[in-house]
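Asker: First to last, the sequence lines map onto chains X and Z.
Per the working numbering, the very first residue in the first sequence carries number 1; after that it's consecutive.
Per the working numbering, the very first residue in the second sequence carries number 1001; after that it's consecutive.
Treat the hints with care, as some may be off.
Unchecked claim - Taking lysine to any residue pairs in the SDA-like style, the calculated list, with each CA pair at most 20 Å apart, reads: (1) Z:1068 / X:154; (2) X:20 / Z:1221; (3) Z:1194 / Z:1243; (4) Z:1053 / X:113; (5) Z:1060 / Z:1100; (6) Z:1068 / X:152; (7) Z:1054 / X:152; (8) Z:1060 / X:149; (9) Z:1054 / X:155; (10) Z:1068 / X:153; (11) X:157 / Z:1051; (12) X:20 / Z:1216; (13) X:157 / Z:1054; (14) X:397 / X:195; (15) Z:1211 / X:116; (16) Z:1053 / X:16; (17) X:20 / Z:1074; (18) Z:1217 / X:18; (19) X:48 / X:27; (20) Z:1053 / X:155; (21) X:288 / X:454.
Just so you know, the hints here were simulated from the structure itself, not pulled from any lab data.
Here are the chains, one letter per residue:
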Amino acid sequence: MDEQQARSALQQLENDFEVKAAAAINSGESYYDTFNGDFYAGGYLLKKNKKKLVLAGFDGEIVAAGTAPEGLRFFPVDIVEPELRQQLWGVAGIRALIPICSRRIASEPFDLRNGDRKIVVRALYQYGSAVVDGQEAELQPLVRIDEVRGYESDFEKASELLADAGLAPTEGRNSLDLALAALEVPRPSYSSKYALALGDDICLRDAVVTIGGYLLASMEVNHSGVIEDIDTEFLHDFRIAVRRTRSLLSQMKNYLPRQQLEFFQKEFKWLGSVTGPVRDLDVYLLMKEDYTDMLPRQLHRGLEEFFVELGRQRAEMLEIMNKGLTSDRYARLIREWKQFLEDDGESFPWPGAQQRCQPVVRKAIRRRFQKILKKGARIDAHSADNDLHSLRIQGKKLRYMLEFFRSFYAEKEIDFFHRQMKKLQNNLGDFNDIAVQLEMLEEYGNALRPGSKRSLRISAAVGGLITHLSQKHSKVRQKFEKTFSDFASTKNQKRFQQTLV
Amino acid sequence: MKILAVYCSKGGVGKTATSVNLAYTASQNGLATLLCDLDPQGASSYYFRIRPKKNFNSKKLLEGNIRKYIRATDFDDLDLLPAHFSYRNMDLKLDRKKQEATALREALAPLAEEYDLVFLDCPPNLTLLSETIIASADMVVTPVIPTTLSMLSLEQLLKLCKKIGVDKTKIHAFFSMAEKRKSMHLDTIGKYRKYKLFMKAVIPYMAEVEKMGITRKPVGAVRSRSVASLAYERLWKEVEQRGLV
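Generate coordinates for the entire structure from the input sequences, incorporating the hints supplied.
Answerer: In structure tokens:
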């Protein structure tokens, strides 16, 4: 029903009531969410009206309110009011808050009066339009009527008249839904969490095509957010999709056509390396608060300068990365990967395409698991750090395989397995993260030119971080043996073997 | 919930105008207010354009079965229990039932959670109903025209209080419909206003108040800064200080 039809429906009321309208009130607001749609998924609407930012439930009840920061998009940490900041942080964390759509609404209050000219029903007519991605559409006009105490029968009569005219008061849907529905836009939802179910009898080609296609979509959906540098998670999710794709290729290497395999392996490796430096710097920049807590107050100034330097480096690296991500090389990789995935087997015949995937995968997973057990058991207090790193890589490969093919296994068992793996991987991951940080800090410290006071301050801060992180590193290292023996306990092993048969 | 009766045994002293305008001012000040129109002539109800629902009568009122007969006025926080023609026999009903002196208070008790303040716009007489009203109210506001006859009815009211054992500090009088050009009015006001019984605010005789019969709205709803509206606001402030703090 459009505005004109709605107005003529409203006229039906004039048969039984005197209708008295007040002047229309114009209002407009923009709706914000994360790229993932975390607010919508959590039952919240984040609305910006001029300078005011309001977090409300779908029912309109205000959770917290404050001042909207300047600019098209912003972060929870940019909010001045502590309560609103905390609420937004709780939902969005480090993700940027971006405008999803905007709405312009005219509200016309009006009264229905009886023969004594007494108000017996109060009503509000609303109409307007919504804009999503520069596209505007008229919103479904809306009538809300409120009962006046003691005049229940008039309320019922008005409801009936409106319903007969096809203008039933809309209930149960929140205002963002109405705005998005008008534009036929699906509500915001995107998840970086891998969620794909494969059929039991799926063949190798179909499995690769399904998983590869899913990961490619994830890269594409994040690509513009990476280029625009909206928040750090676009790049993070993009890189995870690249890494998973590389893992998929290497796991299936015996079954894929050699020539294509080599090309894609080489190119996805390049994509990983071209996006690496910015992500590494992001990790440090996100650690700022932790680093600050590690150091005594006297070293904070040097640390601050260190972070300014990192920020400058990141800007440089971002430019280089974006050149790569908008290059012909990137476009060609995506184009050819897409062609390969869409190919029906004629252009790129590959040997094992029609083989049933499940037995192949089960065998590979079992083998990888055995390898981890063997490698882990060999590590003791005297082993080199490198042994732990290589165990971590093995674990990661296994984890990706379990994610890709989890639908082949009983859910409860695979979840248990996953949880146990995660405990082990967390320890190894921490160990590796600290090692990488230490390496970078050492390199950075060595490259500093002595002489200026600033360099001195920075190197003191970096030295402090190295001391602190080294202690942490050996603590995490000490925990490995216990973590691994828990993972590889006889009881667990028995259960894993049963799961993985 | 406080009960405030606007009462005078004499007719035409401005009881309804006082009830309607004070109730309106109270509600505008954020108090959830109910106005009970107890006068079978129903002038308050008329000013708010409200007619009683079918099946309503004085029996329902005295039984305390009133919630569903209350109707909202056109103004926020102000509801009205409309008058009914059967109210003219309320005295007989009271007598027959041999109810408590505070029967009206009991009837209104169920509304305590909904309202901060209940106004009783009372009919002009001196009967058993009047006794019930005075005994039930927390505060009795009585308009007095500065004339001999009106002063007489004030005396009668004080006598009645004594007779039924009600504390006469509950009574708060004010001069109503006062006209500057009448020397008797000025003399009477001058003579009596020093008594604690009288509030300081004086409501003059005003065409705006008379016109309520045409506008069918409280004076403040017609024009919020009018002379009449400001006069009732002053009276309200004093009432609030005296009886509702």
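Asker: May I ask which of the numbered hints given earlier this structure violates, with the numbers listed in increasing order?
Answerer: Per hint list: zero violations.
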